[in-house]
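Engineer: These are the residues of each chain, in order.
Number of protein chains: 2
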Amino acid sequence: MNILVVDDEKEIADLIEIYLTNENYHVYKYYDSKNVLNDIDKLKIDLAILDVMMPTIDGFQLCSIIREKYTFPIIFVTAKVEDIDKISGLSIGADDYITKPFQPLELIARVKAQLRRYKTYNKTNDDNIIDFRGITINNDTHEFIFEDEPIELTKTEFSILWCLCQNRGNVVKTEDLFMNVWGEKYFENDNNTIMVHIRHLREKMHDTSKIPKYIKTVWGVGYKIEK
Amino acid sequence: MNILVVDDEKEIADLIEIYLTNENYHVYKYYDSKNVLNDIDKLKIDLAILDVMMPTIDGFQLCSIIREKYTFPIIFVTAKVEDIDKISGLSIGADDYITKPFQPLELIARVKAQLRRYKTYNKTNDDNIIDFRGITINNDTHEFIFEDEPIELTKTEFSILWCLCQNRGNVVKTEDLFMNVWGEKYFENDNNTIMVHIRHLREKMHDTSKIPKYIKTVWGVGYKIEK
DNA sequence: AGAGTTTTATAAGAATTAATTAAAGAATAC
DNA sequence: GTATTCTTTAATTAATTCTTATAAAACTCT
Numbered sequence: 072m073n074i075l076v077v078d079d080e081k082e083i084a085d086l087i088e089i090y091l092t093n094e095n096y097h098v099y100k101y102y103d104s105k106n107v108l109n110d111i112d113k114l115k116i117d118l119a120i121l122d123v124m125m126p127t128i129d130g131f132q133l134c135s136i137i138r139e140k141y142t143f144p145i146i147f148v149t150a151k152v153e154d155i156d157k158i159s160g161l162s163i164g165a166d167d168y169i170t171k172p173f174q175p176l177e178l179i180a181r182v183k184a185q186l187r188r189y190k191t192y193n194k195t196n197d198d199n200i201i202d203f204r205g206i207t208i209n210n211d212t213h214e215f216i217f218e219d220e221p222i223e224l225t226k227t228e229f230s231i232l233w234c235l236c237q238n239r240g241n242v243v244k245t246e247d248l249f250m251n252v253w254g255e256k257y258f259e260n261d262n263n264t265i266m267v268h269i270r271h272l273r274e275k276m277h278d279t280s281k282i283p284k285y286i287k288t289v290w291g292v293g294y295k296i297e298k
Numbered sequence: 072m073n074i075l076v077v078d079d080e081k082e083i084a085d086l087i088e089i090y091l092t093n094e095n096y097h098v099y100k101y102y103d104s105k106n107v108l109n110d111i112d113k114l115k116i117d118l119a120i121l122d123v124m125m126p127t128i129d130g131f132q133l134c135s136i137i138r139e140k141y142t143f144p145i146i147f148v149t150a151k152v153e154d155i156d157k158i159s160g161l162s163i164g165a166d167d168y169i170t171k172p173f174q175p176l177e178l179i180a181r182v183k184a185q186l187r188r189y190k191t192y193n194k195t196n197d198d199n200i201i202d203f204r205g206i207t208i209n210n211d212t213h214e215f216i217f218e219d220e221p222i223e224l225t226k227t228e229f230s231i232l233w234c235l236c237q238n239r240g241n242v243v244k245t246e247d248l249f250m251n252v253w254g255e256k257y258f259e260n261d262n263n264t265i266m267v268h269i270r271h272l273r274e275k276m277h278d279t280s281k282i283p284k285y286i287k288t289v290w291g292v293g294y295k296i297e298k
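In order, the protein sequence lines correspond to chains A and B. Start counting the first sequence at 72; every next residue gets the next number (the working numbering). Start counting the second sequence at 72; every next residue gets the next number (the working numbering).
The hints are simulated quantities; they were obtained by calculation from the structure and are not laboratory data. Take the hints with a grain of salt, since some may be wrong.
In this list, chains with the same sequence are indistinguishable; a pair is considered to hold if it fits within one copy or across any two.
Below, in silico cross-link-like pairs of lysine-lysine (DSBU-like), each with a Cα-Cα straight-line distance of 35 Å or less [claimed, not checked]: (1) LYS115 - LYS100; (2) LYS298 - LYS284; (3) LYS190 - LYS105; (4) LYS244 - LYS140.
Given only the sequences and the hints, what does the whole structure look like? Please build it.
Structural biologist: Here it is as structure tokens:
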């Protein structure tokens with residue numbers, strides 16, 4: 072989970088970063104709104120924590136700009152305790168509004184609540200579609216479209232391909248692949264089950280093991296699919 | 072929009088009702104948790120405002136019970152200002168936590184923010200009529216019209232078809248289907264109840280299991296109805 | 001180059017999972 | 001209270017998918 076933190080008060084931003092990192096969130100920290108706007112399309116933000124009072128572009132403006140394109144949750148954390156500010160903040164598209172000084176644990180709890188609402192309760196996530204290099208794989212419809220042709224995959228084939236696509240560009244260790252697909256540890260007796268499935272996948276993708284275009288073997292490690 | 076308000080302090084509940092009614096929300100007001108549980112399946116709640124400290128079933132318990140079946144936003148409004156209570160409340164499934172005394176306008180703003188998140192940003196449409204590909208299914212009247220012919224469905228058949236239609240295009244896992252129709256977990260001994268109902272549905276839709284036009288089997292996963 | 005290791009290919013049997021029946025059990029309506 | 005309809009269970013059959021075993025090929029290292 073990637074969380075955007077924007078606050079011109081460095082100490083506060085740093086503090087929030089510590090709390091969030093501690094909970095294993097990945098934090099993109101900015102002391103200036105302007106830089107956020109340059110980068111935001113590149114980052115895949117899941118939630119934003121914004122300060123209100125900042126130079127040049129204030130939190131409310133930033134929130135409005137973000138909302139033109141994105142629907143991830145936005146939480147204001149600010150020293151402005153006036154009710155009218157809370158109401159404005161929530162009205163322009165924020166999901167929550169916390170006033171400083173705040174309890175770290177409360178902030179974390181609110182972050183978690185928002186992420187739960189956004190990710191778990193909300194079924195419309197495009198996290199379930201991966202699209203690259205003529206490959207479109209959709210975990211909702213269980214469809215695999217390869218070079219504009221729909222291809223039927225079995226459950227196991229789909230799981231393996233899904234796992235490789237999620238980690239596209241990176242090697243997936245045979246063991247990790249096994250864990251991901253079967254959800255258990257293997258490596259008792261020799262197991263070439265995965266190889267058989269990989270072969271089937273390559274077959275369906277008109278790929279060869281000699282010079283594979285898609286699923287490459289990384290000797291002694293596992294498999295990877297190029298980005 | 073239907074809002075559930077539960078508070079054993081009548082004055083507070085009445086006050087909240089006034090604010091909400093003023094904003095043209097429809098309010099279901101309860102002074103007792105028990106009655107809520109009796110009625111909740113009949114009401115079509117979009118958001119709930121719960122007090123924490125109540126006799127017999129407290130707000131936290133009520134929240135947990137609601138969350139077993141529903142994902143609409145829940146806001147706690149309570150005199151308990153302890154941080155640990157806020158954190159617990161948010162952890163068990165609430166979306167926001169406001170402490171008494173609260174500003175009416177802030178409450179309204181938070182209600183609106185939650186509803187916006189739930190309704191607007193969340194694309195999952197919960198209309199009661201779904202119409203596509205010669206299928207018209209109406210969850211209010213429980214009517215099913217297939218290629219201009221009304222077709223009688225039993226309660227279970229309707230629930231299954233409704234669930235598939237709501238997720239049309241996407242695979243519905245057998246387990247999820249079970250959860251949705253029977254509202255409980257199964258997976259004890261194997262259970263082909265669903266298969267029998269699916270067969271009946273296909274029969275009524277003049278469909279076959281070999282080359283189904285409508286309800287397709289996704290091996291090892293579940294069923295889906297094409298968009 | 002050769003020994004040892006790891007991956008690939010192939011095919012067949014094993015194991016899963018789904019569909020079909022028929023009938024018993026439960027719920028509902030009359 | 002009985003009849004009817006609906007739901008579930010159970011047993012069987014059918015279809016699909018997974019695993020195993022084997023042999024062959026490719027790679028690594030000395």
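Engineer: Checking each numbered hint in turn, tell me which of them this model violates, lowest number first.
Structural biologist: Every hint satisfied by this model.
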